[in-house]
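Model the full assembly from the supplied sequences, consistent with the hints where possible.
Quick mapping for you: the protein sequence lines, in order, are chains U and V. Counting in the numbering used here, the first sequence runs from 234 upward without gaps. Counting in the numbering used here, the second sequence runs from 49 upward without gaps.
These are calculated hints, taken from the structure and not from any lab test. Careful, some of the hints might be misleading.
Facing chain U, a subset of chain V residues (Cβ under 7 Å, in silico) [unchecked claim]:
1) Lys57
2) Leu58
3) Leu74
4) Asn83
5) Ser101
6) Leu196
7) Arg198
The beta carbon of each residue, even a glycine, is placed where N, CA and C say it ideally should be.
Okay, here's what each chain looks like letter by letter:
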Amino acid sequence: MSWTRREALLGMGGIPILGAVWWAGASATVGKKRERDALLETLNIQPSLPPAVPAIGGEPVKVGIIGFGIRGEQLCRALGYATQEWLAEMEEATALAKEEGRPFTALEDFNNQDKVNVRIAGICDIYDYRAEKAIRSFATDANPVKRYRTYQEMIGSGEIDAVVVATPDHWHAPMAIEALRNNVHVYVEKPMTHTLSETYELRDAALNSKAVLQVGHQHRQTLSFKTAQDIISKGILGHVSLITTNTNRNDDNGAWNYEIRPDATPETIDWAQFLGNAPQIPFNKNHFFRWRKWWAYGSGLSGDLLTHDYDRLNCVLQMGIPKSVMASGGIYTHRDARNVPDVFQANFEFPDFSTGSSQPAGKEKGMTFVYSATLGNTLNRPTVLMGHDASMELGNSLTIWPDGRSTRYFNQLEEGKMAPQTPIYQYNPAASALDGVSSATSQYFADKGLMWTYIDGKRVDSTFLHMREWLSVIRNGGAVSCGIQQGFEEAVSAHMAGLSWKLGRRIEWDAEAQRVVPIEEIDLDAALLDSPPGIGNYAPDVVT
Amino acid sequence: MTDFKMNQKLTSGLVLLRLFIGWHFLYEGIIKAYNPDWTSFGYLASAQGPFKSLFTSLAAESILPWVDTLNWLALVFVGITFILGIFERAGAVVGMGLLAVYYLAHPSFPGLDEIRSEGSYWLVNKNLIELAACWVLYLQPTGSFIGLARLLKPKSSTTKTDLS
Numbered sequence: 234m235s236w237t238r239r240e241a242l243l244g245m246g247g248i249p250i251l252g253a254v255w256w257a258g259a260s261a262t263v264g265k266k267r268e269r270d271a272l273l274e275t276l277n278i279q280p281s282l283p284p285a286v287p288a289i290g291g292e293p294v295k296v297g298i299i300g301f302g303i304r305g306e307q308l309c310r311a312l313g314y315a316t317q318e319w320l321a322e323m324e325e326a327t328a329l330a331k332e333e334g335r336p337f338t339a340l341e342d343f344n345n346q347d348k349v350n351v352r353i354a355g356i357c358d359i360y361d362y363r364a365e366k367a368i369r370s371f372a373t374d375a376n377p378v379k380r381y382r383t384y385q386e387m388i389g390s391g392e393i394d395a396v397v398v399a400t401p402d403h404w405h406a407p408m409a410i411e412a413l414r415n416n417v418h419v420y421v422e423k424p425m426t427h428t429l430s431e432t433y434e435l436r437d438a439a440l441n442s443k444a445v446l447q448v449g450h451q452h453r454q455t456l457s458f459k460t461a462q463d464i465i466s467k468g469i470l471g472h473v474s475l476i477t478t479n480t481n482r483n484d485d486n487g488a489w490n491y492e493i494r495p496d497a498t499p500e501t502i503d504w505a506q507f508l509g510n511a512p513q514i515p516f517n518k519n520h521f522f523r524w525r526k527w528w529a530y531g532s533g534l535s536g537d538l539l540t541h542d543y544d545r546l547n548c549v550l551q552m553g554i555p556k557s558v559m560a561s562g563g564i565y566t567h568r569d570a571r572n573v574p575d576v577f578q579a580n581f582e583f584p585d586f587s588t589g590s591s592q593p594a595g596k597e598k599g600m601t602f603v604y605s606a607t608l609g610n611t612l613n614r615p616t617v618l619m620g621h622d623a624s625m626e627l628g629n630s631l632t633i634w635p636d637g638r639s640t641r642y643f644n645q646l647e648e649g650k651m652a653p654q655t656p657i658y659q660y661n662p663a664a665s666a667l668d669g670v671s672s673a674t675s676q677y678f679a680d681k682g683l684m685w686t687y688i689d690g691k692r693v694d695s696t697f698l699h700m701r702e703w704l705s706v707i708r709n710g711g712a713v714s715c716g717i718q719q720g721f722e723e724a725v726s727a728h729m730a731g732l733s734w735k736l737g738r739r740i741e742w743d744a745e746a747q748r749v750v751p752i753e754e755i756d757l758d759a760a761l762l763d764s765p766p767g768i769g770n771y772a773p774d775v776v777t
Numbered sequence: 049m050t051d052f053k054m055n056q057k058l059t060s061g062l063v064l065l066r067l068f069i070g071w072h073f074l075y076e077g078i079i080k081a082y083n084p085d086w087t088s089f090g091y092l093a094s095a096q097g098p099f100k101s102l103f104t105s106l107a108a109e110s111i112l113p114w115v116d117t118l119n120w121l122a123l124v125f126v127g128i129t130f131i132l133g134i135f136e137r138a139g140a141v142v143g144m145g146l147l148a149v150y151y152l153a154h155p156s157f158p159g160l161d162e163i164r165s166e167g168s169y170w171l172v173n174k175n176l177i178e179l180a181a182c183w184v185l186y187l188q189p190t191g192s193f194i195g196l197a198r199l200l201k202p203k204s205s206t207t208k209t210d211l212s
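Printed below as a string of structure tokens:
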């Protein structure tokens, strides 16, 4: 067949167009990828996977649960024990989500969770309903769950190897100290303690005990934070002079207004034991269920939520206890007779800390860590580490932007290989997983990387990893991620922030003496527990 | 119905439309084919509308690689047939199928969020318009006017105005 030139042109004119478009697409994509690979090679960020935890062999570890409220139930689920009520609720939620065509994976995640070699052998809760719920759900003929009326009885029984303390804050230290003195292992929720003197005392008890203490900052298991450690150690951000981290919530649950159960009475609750060392007041359901709102039992934003953000950063930077803290805030969003602030800002000074420098030696040193919180707005303000060379947003995923005035990246910025608005690195282990997150509060925690992490693209509850690590260290030895030193730093920092707000003045840390600098004529522990001036200590029993 | 005769100008217009749509499909396909990190996960996982659950189920780990591969293969196929002007009716059918899937995953229905959309739309969006254009190209192939089909058909059986 022979064609005229005209025929050939009309017939095959598309071929050069095809070639051109193909070439343009391929070269743009491959070129971009090559540039990115070169950049990544320069940055050399290598997320280190956590070492595999040695198996928890032998007989199951006999665990006693002290406190079976909201957090206590969550911790039990991390150990593989869910209540019948929760299972039923999740089945319903799963069915509803399926009907509405949205993912909801809480139940599936729980069922897929690896089994840990533990047996819940005892429960200590001063509220009958909760103790009975645990026994009803967890006890079998082969594995009975014994109810203990007091924590001393449980710790001294000889039938419990390890206790999980998920009580109000004012009970954390007394229980942990008692357990450690009896060489019973402890998993204690945050904040580790309620006062400064308790913090010092608990550290002594832990250092003198054969038992393993783990503080409940489960995010230390989050993969993105391990990657962040690598980023910091390679000096990718340069000298970090400012960190901003935030809490934004705007609902009753997030403001600790939990459900008050009608069956709670002085007959079903051991009120004297609830109070412990707190001021002796008559039975009060409001205080019992919503204890996080009063300094007598809880520690408000500084102990409850600041501790998450502080420890997240301490895990990445190992910056330790600040030299000084200044805090401010007030009760501006929930004027419901609480005495802890619901809007709270704290500035932590670390004048001697540095993440490294790309500039002449001695020019850069020191960092401020700013925590800013409100319980009256949900705008997502991410955690940002601001360095001379780059900024990093830190959560369950990581993003790094170069700074337009960076010294380290000067050439790349000049050559247009980097731009301040374009991330140079993004790490998102969840990029290929579908999440079914239920409530605003859990989404808040999830975004911060506090609830779960991703291993091989599979979502894993970080609390499960944290508890499994604790149990493995109990059996096999080794070190936990959040032991007494990390817990000590967390608790002291939180109490310094709380004290600064209370006293309206700068609180300083004496690193040599390992004590908060005393203030003349002020008992710091008493100040921490007292109600702030002008605010009542107590709320009415009845909540309207 | 008015019977209108194809003339050269209209045919040229259709050829241009075919080339542009082919260009668009091919470039989209090539960009995906050459980028090993590309995935349709986000598009599927954020699907909305009546077929939301079908699309989110396609984002499952076991199926996603197949979906991704089929997607770029189909895009490149449409691009080649349209640009070269051969098997363009098959290309048009595949193109319409792809566009229908893209549209249904993120339909411009009132009440749904306008995510993954670079403009403002009510019911009709650019995917739907391109789909209609593919339909026109299906009804009226132009490869035998400008395209490889011209070279493959028996010689001298067509004149330039004899396409309709």
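Going through the hints against the structure:
Contact between Lys57 (chain V) and chain U, as hinted, is not supported at the beta carbon level, the nearest pair being about 16 Å apart and thus beyond 7 Å. Contact between Leu58 (chain V) and chain U, as hinted, is not supported at the beta carbon level, the nearest pair being about 17 Å apart and thus beyond 7 Å. The criterion of a C-beta within 7 Å of any C-beta in chain U is met by Leu74 (chain V), whose closest approach is roughly 5 Å, and the hint holds. About 5 Å separates the beta-carbon of Asn83 (chain V) from the nearest beta-carbon of chain U, less than 7 Å, and the hint is met.
Look at Ser101 (chain V): its Cβ gets to within about 4 Å of chain U, closer than 7 Å, so that hint holds up. Interface hint status for Leu196 (chain V): upheld, as the beta-carbon distance to the closest one in chain U is roughly 6 Å, under 7 Å. A least Cβ separation of about 4 Å between Arg198 (chain V) and chain U falls short of the 7 Å threshold, and the interface hint therefore holds.
Checked against the numbered hints above, the structure violates hints 1, 2; every other hint is satisfied.
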